Amino acid sequence: MIGDWLDIGSVNQITPGNARTLPVRGGEEIAIFRTLGGEFHALVNRCPHKHGPLSQGIVHGGVVTCPLHNWNISLKTGEALGEDKGCVPVIPLKIDAGRIFLLRSAVMGQLAA
Amino acid sequence: MEFQTRDDVSTGNEEDLFVPSDDVREHLVVVGNGMAGCRAVEELLARDGARYRVTIFGAEPHVNYNRIMLSPVLAGEKTFEDIIINNQQWYDDNGIELIVADPITAIDRTAKTVRSESGRTVSYDRLLIATGSDPFIIPVPGKDLPGVISFRDMRDVDTMLAAADAGAPDGEQGRAVVIGGGLLGLEAAHGLTLRGMKVTILHIMPTLMERQLDEAAGWLLKTALEDRGQTILTGADTAEIFGQGKVEGVRLKDGTLIPATLVVMAVGIRPSVALAREAGLDIGRGIKVDDHMVTSDPAVLAVGECVEHEGNVYGLVAPLWDMCRSLADGLTDQHSGYKGSVTSTKLKVAGLDVFSAGDFSGGEGCEDIVLRDASRGVYKRVVVKDDRVIGAVLYGDTADGGWYFDLLKRQENVADIRDFLIFGQSFASGGGALDPKAAVAALSDDAEICGCNGVSKGQVVACIEKGACSLDAVRGTCKASASCGSCTGLVETILALTLGEDVQSGPKTMCKCTSFGHDDVRREIVAQGMTSIPEVMQKLHWATPDGCSSCRPALNYYLLCALPGEYVDDQQSRFVNERMHANIQKDGTYSVVPRMWGGLTNPRELRAIADVVEKYDAPMVKVTGGQRLDIFGIKKEDLPAVWADLNAAGMVSGHAYGKSLRTVKTCVGSEWCRFGTQDSTGLGVKTERMTWGSWMPHKFKIAVSGCPRNCAEATIKDFGVVCVDSGYELHVGGNGGIHVRVTDLLCKVATEQEALDYCAAFTQLYREEARYLERTAPWIERVGVDYVKARIVEDDVGREALRARFLYSQSFSQDDPWAERAAGEHAELHQHIAEVRPMETV
Ligand SMILES: Cc1cc2nc3c(=O)[nH]c(=O)nc-3n(C[C@H](O)[C@H](O)[C@H](O)COP(=O)(O)OP(=O)(O)OC[C@H]3O[C@@H](n4cnc5c(N)ncnc54)[C@H](O)[C@@H]3O)c2cc1C
Ligand code: SF4
Ligand code: FES
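Sequence order for the protein chains is A and B.
According to this note's numbering, the first sequence holds residues 1 to 113 in order.
According to this note's numbering, the second sequence holds residues 1001 to 1842 in order.
No lab work stands behind these hints, which were simulated from the structure alone.
All values reported here derive from a predicted model rather than from experimental measurement.
Some hints could be false.
What the hints assert, rightly or not - Listed below are the simulated DSS-like cross-link pairs for lysine-lysine, each with C-alpha atoms no more than 30 Å apart in a straight line:
(1) A:K85 <-> B:K1246
(2) B:K1635 <-> A:K85
(3) A:K76 <-> B:K1586
(4) B:K1253 <-> A:K50
(5) A:K76 <-> B:K1512
(6) B:K1078 <-> B:K1112
(7) A:K94 <-> B:K1253
(8) A:K76 <-> B:K1288
(9) A:K85 <-> B:K1346
(10) A:K76 <-> B:K1253
(11) B:K1508 <-> A:K94
(12) B:K1508 <-> A:K85
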């Protein structure tokens, strides 16, 4: 069903190694990443440590390093790596015909109830 | 010729088609005479040759040929005849009716008939749709001009060959532009180059084949293709294809014009579903099929690139073969069932071996095993998760691609061979219990250890026995592992074998991605003239595909320092503050500090700051320790506007966020103070004008005090000047941080100009020799203040050279980064990609 996925726009809006943000009115901002290897991932833009904006971190491999205190967060699972413990919600994402789609229910799930 | 033209068909076969056949078998009609359609029929014939009557419709005027061999045809390695899979004889022998050059235009599922362009209507019992893909054409002006083609079928190849033969209008070599730096685009470019055209590849992404290759392999590929004379423009966005009546060239969004008589678009494909959609079948990204390739209509099957199975569509042949098997099983009442495919890609452009399979994006629980052999131009990366191979990228040596792919598909546990995995199949399976130490111990004395310096195992052992007990000592004595470093592991093993446990650990490595220390990396960058991060990683055998958050910023700085004006800054390798030119604060907002030269300001600047504070609702303004005003709480979206307002009042970035010169603190000095001996404010302003904008290993602060009362606190700065009656005392290496350190006195000079010259020379020495994130205090403690004096005070020529290099580098770096951003550069860093506004629930 078309309506299950939100079309966020063309993949070309994010260059490899970068991230962009998607604010959700009344909810949590989402960060959409593109790794240097060309994979796309979406996470809630909020580090599990002290809520640093993950979209602003350095991306390497499938990991983003939070800009505030250098926690490493897996882009795939949202989990903090290494000694650190914590997890940030992952938003299911798919690429189709050069466009980025996010699972609508997951995006809306970030709305404050 | 093995194929029929349309005229042959319509006259020759008409009768059979309209008259119902007396053949009572079920009639299978295939739409699409391509790779999948024909293969499905072959599989069916192999299972039960007599069960169905078969008719195949093809849009192209040919018998079935091997589409993936179009590249060799273009390259001149094969002819069309060589790539035919099934000739007319095969169709005849198997009683298959082939109708070419007559595409099917409609399916009537109720009447169970198909209708072709020429008007034939044929009824079916089972219908198989195998229409393949449509090339994606980017919707730019000029896309329909003659000379703009895709790379999909034999007709495209003919067009390319004609363009190559025709050359340019002026009789010169013809020029082609290939849009798309993926597998297909590169093959087209390669063929056209061999056919004598001058080829430019336009790729919108920064790396070629970014879907299959990582940054490192992409860089190697680009370098190799450029060596072959192709021009590759990455980050190139096509604005328009222009020409009068036919293609004359391409214009990019940045204004670049590239002349061309041929434009090949190879930017992607889409499943060809129009026919199926019209017929009302379920469509997702492709025609939806179940495990036996049956569509939402039980009488209609679909196979090949046009289908979607479990959410996946495929653009390679291997999965199609799996599909065709399941389809044929289903048609003959056997039940295997297609379970999806894992795909791999092999680039077969002559001489360039590239392989990729599975998932290599890394991530949690994934281990990257990387091998870089710089001298052979080899890069291999295998991604392992839970002891199983999940992805592989190989460049330069793809011999083991099949083996990795097999391990991947079989999900075999590789724990036992983990240590040898990257060396390939023959090594890993050579001896099950082989341990690396034993392998090295078994090497003969003349076995070569260090290829770069031609050092044998015997020589390394001899040098260790003479007292070289550490890696560094070995590097210093017999030169093994002193160049590219690929043999570092071997040398370490020899050390361990020769000395038992007495090996001294070498200097700290830069990070876990490399066995080199900071100093080695800096030295090699200069010695080998390296110019990019991927190049450093390849040549120095980085153990990770694209580094980490420690080494990327360091490498970026080292390259910037080594190649001022030449190196293109890599903003993905910058910490957020330097990328955003503002300081990130704990709530994710930013603070902004405009430069106030020597701590001076005026009403116009103060007014502009006050206006910004009001206009953007900044919750706080603070006077900093460095004598400036810091505006807090600015949102990343507002940054460019804030900067524009401050720029308008003449203020530039204060770099309060950077590993760079921050401020020059001053006191009022002789101009106002009753103790002042010299114009400390004036000298401070001059110093700041000279040093601002320079990137450094770490933050760098300067101060100038007017007399030894030292109101500007110059003796805890990286560089401090204390004015005295007879001149200027120059102090270095101070730090007011966690470990307070008072400066060392460098020397005393008589004139302001000398103070400035020494400052420039000292700064450059620090820039060139300190390790990234090492402030001047620990650096000086490490190298000793006498060393610094020897370089700056005692060596006049050396000092002058350092000063000159600093000023040269400054001639490129004194651009206000705020102005560029305010003018719209990198706007995407500041803007949201989109916004979600949930609908009001009523
Ligand atoms: C130049 C090139 C190089 C390639 N190299 C490789 C490679 O190295 N490795 C690899 O695995 N894959 C490669 N591929 C991809 C591979 O060729 C395809 O995956 C494969 O051909 C798909 O098979 P298919 O039968 O689904 O589609 P196709 O082979 O495209 O067959 C579809 C056929 O259906 C016909 N058709 C469409 N609509 C109709 C209609 N309405 N009526 C009648 N006929 C119709 C088309 O004309 C076409 O002949 C390459 C492709 C190209 C173009
Ligand atoms: S350092 Fe000396 S000259 Fe400068 S303000 Fe203090 S007392 Fe005056
Ligand atoms: S907030 Fe992300 S590491 Fe502290």
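Each hint tested on the structure:
The hinted pair formed by A:K85 and B:K1246 fails the criterion: a straight-line CA distance of about 61 Å is larger than 30 Å. Of the supplied pair hints, the one linking B:K1635 and A:K85 holds, its CA atoms being roughly 28 Å apart against a limit of 30 Å. Of the pairs offered as hints, the one joining A:K76 and B:K1586 holds, with about 25 Å between alpha carbons and a cut-off of 30 Å not exceeded. About 41 Å separates the Cα atoms of B:K1253 and A:K50, which puts this hinted pair outside 30 Å; it is violated.
Taking the CA atoms of A:K76 and B:K1512, the gap is about 22 Å. The hint holds against a cut of 30 Å. The hinted pair formed by B:K1078 and B:K1112 fails the criterion: a straight-line CA distance of about 41 Å is larger than 30 Å. Under the criterion of a C-alpha separation no larger than 30 Å, the hint pairing A:K94 with B:K1253 is consistent with the structure, at around 28 Å. Distance restraint check for A:K76 and B:K1288: the Cα-Cα separation of roughly 27 Å lies within the 30 Å cut-off, and the hinted pair is therefore satisfied.
The straight-line distance between the Cα atoms of A:K85 and B:K1346 is roughly 40 Å, outside the 30 Å bound, and the hint therefore fails. Taking the CA atoms of A:K76 and B:K1253, the gap is near 34 Å; set against the 30 Å cutoff, the hint is violated. The suggested pairing of B:K1508 with A:K94 is violated, with an alpha-carbon distance near 42 Å, which exceeds 30 Å. Only pairs whose Cα atoms come within 30 Å are accepted, and B:K1508 paired with A:K85 is accepted, the gap being roughly 28 Å.
In this structure, the earlier hints numbered 1, 4, 6, 9, 10 and 11 are contradicted, and the remaining ones agree with it.
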